[in-house]
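Chemist: Each chain is listed here by its residues.
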Amino acid sequence: MKESDITHRLIVGFEIHVQLATRSKLFCGCAVEFGAAPNSRTCPVCLGLPGALPVLNRRAFELSMLTGLAMGCDIAPVTKWDRKSYYYPDLPKNYQISQYDVPLAHGGRFEVPHGDETVSARIIRAHLEEDAGKTLHDTPGCSLVDLNRAGTPLLEIVTEPDISSAEDAHVFCTELHRLVTYLGVSHANMQMGQMRFEPNINVAIEADGREYRTPISEVKNLNSFRSVRRAIEFEYQRQVQDWLADPGYVFKERPNENRGWDDDRGVTVFQRGKEAAHDYRYFPEPDLTQVEVTRADVAEIREGLPELPIPRRRRLIEDCGLSADDAATIVSDRATADLFDGAVRAGGPPSTVSKQFVNFWAKLANDRGVSIGALGVAAARMGALARMVDEGTINATAANRIAERMLESSESPDALADAMGLVAVLDADQTREWVDQVFAANEKAVGDAVSNPKKAKGAVGFLRGQVMKISGGKANPKLAGELIEARLAAPRDD
Amino acid sequence: MLTATETADAVRAGRVSARDAVTECVDAIDRSDGKIGAILHVDRDGALRAAGDIDRRLAEGEDIGPIAGVPVAVKDNICTIDSPTTCASGTLKGYVSPFAADVAERLVSAGAVIVAKTNLDEFAMGSSTESSAYFPARNPWDMSRVAGGSSGGSAAAVAARIVPCALGSDTGGSIRQPAAFTGVVGLKPTYGRVSRYGLVAFGSSLDQIGPVTRDVRDAALLLSVIAGHDVRDATSVDRPVPNYVAELDRPIEGLRIGVASDYFGAGLDDAVRTAVEAGLDALRERGAELINVRLPHLKYAIACYYVVATAEASSNLARFDGVHYGHRTADPKDIFDLYSASRREGFGAEVKRRIMLGTFVLSSGYYDAYYDKALRVRTLIRGDFEAAFEKVDLIASPVTPTTAFPIGQKSADPLAMYLADIYTTSANLAGVPAISVPCGLDGDGLPIGMQLSAPWFEEDRLLAAAHQYQSITDHHQRCPKQ
Numbered sequence: 001m002k003e004s005d006i007t008h009r010l011i012v013g014f015e016i017h018v019q020l021a022t023r024s025k026l027f028c029g030c031a032v033e034f035g036a037a038p039n040s041r042t043c044p045v046c047l048g049l050p051g052a053l054p055v056l057n058r059r060a061f062e063l064s065m066l067t068g069l070a071m072g073c074d075i076a077p078v079t080k081w082d083r084k085s086y087y088y089p090d091l092p093k094n095y096q097i098s099q100y101d102v103p104l105a106h107g108g109r110f111e112v113p114h115g116d117e118t119v120s121a122r123i124i125r126a127h128l129e130e131d132a133g134k135t136l137h138d139t140p141g142c143s144l145v146d147l148n149r150a151g152t153p154l155l156e157i158v159t160e161p162d163i164s165s166a167e168d169a170h171v172f173c174t175e176l177h178r179l180v181t182y183l184g185v186s187h188a189n190m191q192m193g194q195m196r197f198e199p200n201i202n203v204a205i206e207a208d209g210r211e212y213r214t215p216i217s218e219v220k221n222l223n224s225f226r227s228v229r230r231a232i233e234f235e236y237q238r239q240v241q242d243w244l245a246d247p248g249y250v251f252k253e254r255p256n257e258n259r260g261w262d263d264d265r266g267v268t269v270f271q272r273g274k275e276a277a278h279d280y281r282y283f284p285e286p287d288l289t290q291v292e293v294t295r296a297d298v299a300e301i302r303e304g305l306p307e308l309p310i311p312r313r314r315r316l317i318e319d320c321g322l323s324a325d326d327a328a329t330i331v332s333d334r335a336t337a338d339l340f341d342g343a344v345r346a347g348g349p350p351s352t353v354s355k356q357f358v359n360f361w362a363k364l365a366n367d368r369g370v371s372i373g374a375l376g377v378a379a380a381r382m383g384a385l386a387r388m389v390d391e392g393t394i395n396a397t398a399a400n401r402i403a404e405r406m407l408e409s410s411e412s413p414d415a416l417a418d419a420m421g422l423v424a425v426l427d428a429d430q431t432r433e434w435v436d437q438v439f440a441a442n443e444k445a446v447g448d449a450v451s452n453p454k455k456a457k458g459a460v461g462f463l464r465g466q467v468m469k470i471s472g473g474k475a476n477p478k479l480a481g482e483l484i485e486a487r488l489a490a491p492r493d494d
Numbered sequence: 001m002l003t004a005t006e007t008a009d010a011v012r013a014g015r016v017s018a019r020d021a022v023t024e025c026v027d028a029i030d031r032s033d034g035k036i037g038a039i040l041h042v043d044r045d046g047a048l049r050a051a052g053d054i055d056r057r058l059a060e061g062e063d064i065g066p067i068a069g070v071p072v073a074v075k076d077n078i079c080t081i082d083s084p085t086t087c088a089s090g091t092l093k094g095y096v097s098p099f100a101a102d103v104a105e106r107l108v109s110a111g112a113v114i115v116a117k118t119n120l121d122e123f124a125m126g127s128s129t130e131s132s133a134y135f136p137a138r139n140p141w142d143m144s145r146v147a148g149g150s151s152g153g154s155a156a157a158v159a160a161r162i163v164p165c166a167l168g169s170d171t172g173g174s175i176r177q178p179a180a181f182t183g184v185v186g187l188k189p190t191y192g193r194v195s196r197y198g199l200v201a202f203g204s205s206l207d208q209i210g211p212v213t214r215d216v217r218d219a220a221l222l223l224s225v226i227a228g229h230d231v232r233d234a235t236s237v238d239r240p241v242p243n244y245v246a247e248l249d250r251p252i253e254g255l256r257i258g259v260a261s262d263y264f265g266a267g268l269d270d271a272v273r274t275a276v277e278a279g280l281d282a283l284r285e286r287g288a289e290l291i292n293v294r295l296p297h298l299k300y301a302i303a304c305y306y307v308v309a310t311a312e313a314s315s316n317l318a319r320f321d322g323v324h325y326g327h328r329t330a331d332p333k334d335i336f337d338l339y340s341a342s343r344r345e346g347f348g349a350e351v352k353r354r355i356m357l358g359t360f361v362l363s364s365g366y367y368d369a370y371y372d373k374a375l376r377v378r379t380l381i382r383g384d385f386e387a388a389f390e391k392v393d394l395i396a397s398p399v400t401p402t403t404a405f406p407i408g409q410k411s412a413d414p415l416a417m418y419l420a421d422i423y424t425t426s427a428n429l430a431g432v433p434a435i436s437v438p439c440g441l442d443g444d445g446l447p448i449g450m451q452l453s454a455p456w457f458e459e460d461r462l463l464a465a466a467h468q469y470q471s472i473t474d475h476h477q478r479c480p481k482q
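Protein chains in written order, with our numbering: chain A, 1 to 494; chain B, 1 to 482.
Read the hints as simulated data drawn from the structure, not as lab findings. Quick caveat: nothing in here was measured; it's all calculated off a predicted structure. Beta carbons are placed, not taken as given, at the ideal position from N, Cα and C, and that holds for glycine. Worth double-checking, as some hints may not be accurate.
Stated by the list, open to error - Distance condition first, Cα-Cα at most 30 Å in a straight line; then the derived DSSO-like pairs of lysine-lysine:
#, chain 1, residue 1, chain 2, residue 2
1, A, 2, A, 355
2, B, 410, B, 93
3, A, 84, B, 373
4, B, 352, B, 410
5, A, 444, A, 474
6, A, 134, B, 352
7, A, 274, B, 373
8, A, 478, A, 454
9, B, 93, A, 84
10, B, 299, B, 410
11, A, 220, A, 252
12, A, 220, A, 363
13, B, 481, B, 35
14, A, 134, B, 333
15, B, 93, A, 134
16, B, 373, A, 80
17, A, 134, A, 274
18, B, 299, B, 352
19, A, 274, B, 333
20, A, 220, A, 444
21, A, 2, A, 363
22, B, 333, A, 84
23, A, 478, A, 355
24, B, 410, A, 84
25, B, 35, B, 410
26, B, 352, A, 274
27, A, 478, A, 457
28, B, 299, A, 220
29, B, 373, B, 299
30, A, 84, A, 274
Stated by the list, open to error - Here chain B is said to cover these stretches of chain A; the calculated rule only asks that three of the stretch's residues, wherever they fall, bring their Cβ under 8 Å from a Cβ of chain B:
#, region
31, 54-62
32, 79-87
33, 90-100
34, 219-231
Using the sequences and the hints, build the whole thing.
Modeler: Right, here's the structure in full:
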């Protein structure tokens with residue numbers, strides 16, 4: 001069969017591991033810390049020593065509930081812990097404490113507006129579990145085990161296979177990443193493996209009026225959005241080609257597989273077939289008690305939910321009149337969005353505040369490798385700066401210069417504008433004088449503007465720029481523009 | 001040798017120094033334990049140092065605690081920092097825990113001196129202490145017989161008067177059965193009464209640490225010290241600890257004692273039946289009321305127990321893999337060989353049998369038929385006790401169907417060995433406290449135990465009744481010939 005004889009569609013679901021931003025591990029008091037000396041963040045509990053017992057980290061449970069609620073999940077009134085048994089050197093007890101049949105959250109949906117469409121996937125469940133340590137194979141002739149990571153709290157989120165393109169997968173994962181950082185439940189640093197994506201991928205193929213489904217492959221441990229997209233694109237093509245080459249390559253006839261992603265070569269690599277699937281011998285963890293969650297507990301956690309990124313973007317667009325792109329930039333992280341709202345509350349007009357965020361605050365933050373929220377400028381001062389522009393006290397260029405100074409100085413933007421001599425001149429006579437000078441010095445532009453209506457608009461902009469220049473940035477552009485237009489329109493008196 | 005209470009009183013009164021008490025104890029161990037096999041490790045120097053410290057603090061007028069200067073032996077599956085904790089297993093030979101069990105800390109802070117670690121069936125799996133990887137513990141009443149198990153070392157040591165008291169652990173009768181076999185008192189507290197932190201787990205939902213003592217007063221004394229909430233054990237229960245010693249004189253007039261025919265059926269040795277019935281008569285004469293109760297699901301207790309306990313054990317013992325600590329095989333070919341050879345060499349036959357049983361009952365396709373069904377049976381057994389305790393205050397029964405059996409008699413027949421636990425496992429499955437008190441000797445002069453069990457967290461009532469029984473009988477005062 002040729003590719004032109006068939007149609008096909010992609011089916012993708014996700015397992016996503018989110019490392020929770022708790023100070024200590026899930027079942028002991030050891031610090032959760034990346035990069036510490038091997039095995040220096042361990043104790044009898046996370047080492048799995050004989051006689052040691054786990055004790056649940058309440059904060060990890062609360063953060064998990066918060067995430068579940070933010071994804072529209074129901075929180076189980078009673079949830080429990082189970083042991084998942086398998087042997088691996090970096091799993092010290094040779095079982096992982098996880099949640100099997102009663103996850104703490106289930107039955108949600110996560111929807112992401114994307115252009116005019118919505119990318120959406122149902123959330124089957126979210127459960128808490130402990131991470132394993134790391135086995136290091138760098139030393140020839142031996143493998144070393146570092147258990148610093150062992151016992152780190154992970155929230156595993158499982159979606160229905162509702163995603164139908166690599167692009168949508170990218171959008172979905174990006175937004176979910178934003179959600180968990182927004183909620184503060186995870187630092188979700190992808191390089192550090194704090195958020196890992198495992199797409200389950202197969203393809204529905206229409207041929208001869210029948211539908212065939214390829215076996216499901218699970219690509220393990222993707223730690224960038226780009227690799228999520230590329231791995232899915234690759235798998236999509238590979239599975240179609242494998243089916244074309246072998247019509248027996250279908251679900252249940254051939255085993256599902258685990259595959260790894262080789263980022264350098266841009267290919268997925270077979271790891272193991274799932275016909276030899278582990279029997280994990282799940283059973284209830286007898287060392288931990290069930291967790292009972294009352295309606296009041298859920299209400300209290302729900303109370304702590306901030307305005308989530310998606311509704312927040314919508315509000316900035318609909319209520320504040322921001323463009324979709326500007327809203328996305330401002331809502332990209334919570335501190336920045338909070339700062340925006342704070343600046344507006346302090347009296348900054350939303351459109352001006354958003355212009356300043358996108359034009360110079362973002363650039364200043366970028367230059368320093370931080371987010372706007374981390375620049376250390378208080379919302380009230382940002383709001384004041386925007387208001388000054390809006391009221392004509394300073395012009396946009398001056399605002400940019402003042403903003404730079406605000407990073408180092410705690411003075412008010414008013415005082416800075418004064419000190420820097422940037423307070424706009426609203427005096428009409430002074431401005432008229434600058435306009436006169438500019439008209440005198442730019443006869444050609446003035447001539448063009450008068451004789452050629454097509455060039456008039458550009459000429460006004462040019463002349464206004466010249467006025468700003470000779471005024472040292474102090475002219476009020478609006479006033480200058482009005483005076484220029486008035487003068488161009490006036491009958492020549494010479 | 002003095003009892004724990006007598007020792008504590010003597011030390012407090014200045015009649016005996018802690019150093020004297022400890023010296024007498026370690027000397028007795030050195031002198032007598034060679035033929036008993038109750039002790040795995042003795043820390044003479046450390047114990048004497050600790051005793052000297054207590055004497056010095058006492059001399060300075062410090063109020064150290066209720067058991068200041070009392071030597072205590074601790075079962076070797078309870079972590080202590082100054083001596084090995086081997087669980088009588090080859091896999092943990094020489095293993096020293098970097099942390100102490102909650103009970104060990106409580107003992108020390110109450111002034112006790114941990115003098116020795118006692119022998120047990122490997123990882124507490126057994127009913128005879130024959131499955132110890134090192135040597136069996138013998139019964140001081142008859143050296144050709146077992147001391148019972150798995151806390152056989154603790155029971156034999158107390159019975160032989162080489163230590164005043166000891167701690168054991170009880171998963172399915174491992175304190176009460178050896179106590180009955182050796183004529184001493186053994187108490188399994190309510191699940192959650194004593195912290196399991198630092199107890200090397202066998203069946204996590206069943207395990208409890210408890211005292212093994214000469215009399216009930218000592219059991220009350222030790223329980224007062226080791227009981228209490230521990231944030232490091234999520235299954236330990238946060239409720240006040242009564243002064244069990246002060247409650248001992250509570251009268252038993254009008255106490256309703258349940259007698260379940262389910263405990264007196266086929267397989268019960270005549271001598272045991274006679275002695276337990278005599279014990280019941282004594283309680284009645286003292287003013288207790290005997291009431292018939294039924295525990296209809298008791299007949300499933302052994303089967304249920306051996307599914308739940310082995311399932312948990314198979315998981316709990318997975319960590320002994322030769323990777324992180326414990327025995328590692330020499331020159332493994334690969335990681336699989338490292339695991340399998342280390343475990344094959346490190347574990348004994350009974351431990352392997354239980355790991356295999358437990359692995360089987362948890363396996364996909366068998367879970368529902370075995371493990372899940374066992375959990376449901378467990379709920380029924382718990383329900384039996386709940387219903388019975390609506391009508392009675394305590395339940396009385398034998399501890400074991402027979403007296404101590406000869407060494408080697410059952411070691412080749414695991415099922416016969418498992419059936420020795422027939423009267424004890426139900427208390428663990430239900431979580432209720434139960435005590436074994438001596439109630440006579442059989443025709444061979446071997447001790448017999450009577451079991452009393454109480455509702456959850458009613459150890460005070462349980463101990464008071466057992467103490468009242470001892471105040472009118474003298475079975476607990478008999479001891480094996482030296």
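Chemist: Is the straight-line distance between the alpha-carbon of residue 299/B and that of residue 220/A 30 Å or less?
Modeler: violated (49 Å)
Chemist: Measure nothing beyond the straight line between the CA atoms of residue 274/A and residue 373/B; if it is 30 Å or shorter, mark the hint as holding.
Modeler: Holds - the C-alpha atoms of residue 373/B and residue 274/A are around 29 Å apart, at most 30 Å.
Chemist: Holds or violated: are the alpha carbons of residue 478/A and residue 355/A at most 30 Å from each other?
Modeler: With Cα atoms ~17 Å apart, residue 478/A and residue 355/A stay inside 30 Å; holds.
Chemist: For the pair we were handed, residue 93/B and residue 84/A, check the Cα-Cα distance against 30 Å.
Modeler: With Cα atoms ~28 Å apart, residue 93/B and residue 84/A stay inside 30 Å; holds.
Chemist: Sort out whether residue 457/A lies within 30 Å of residue 478/A, counting only the CA atoms.
Modeler: Distance ~14 Å between residue 478/A and residue 457/A Cα, so the pair holds.
Chemist: Can you confirm whether the C-alpha distance between residue 274/A and residue 333/B stays at or below 30 Å?
Modeler: holds (26 Å)
Chemist: Taking 30 Å as the top limit, are the C-alpha atoms of residue 481/B and residue 35/B close enough?
Modeler: holds (14 Å)
Chemist: Within 30 Å, alpha carbon to alpha carbon, are residue 2/A and residue 355/A?
Modeler: violated (53 Å)
Chemist: Holds or violated: are the alpha carbons of residue 35/B and residue 410/B at most 30 Å from each other?
Modeler: Since the Cα atoms of residue 35/B and residue 410/B sit roughly 21 Å apart, the hinted pair holds (cutoff 30 Å).
Chemist: Holds or violated: residue 373/B and residue 80/A, Cα atoms, limit 30 Å.
Modeler: Holds, at about 19 Å.
Chemist: Would the pair residue 93/B and residue 134/A pass a check requiring their Cα atoms to be no farther apart than 30 Å?
Modeler: Holds, at about 27 Å.
Chemist: Given the hint that residue 352/B pairs with residue 274/A, test it: the Cα-Cα distance must not exceed 30 Å.
Modeler: Holds. Residue 352/B to residue 274/A sits at ~29 Å (cutoff 30 Å).
Violated hints, in rising order: 1, 12, 20, 21, 24, 28 and 34; the structure is consistent with all others.
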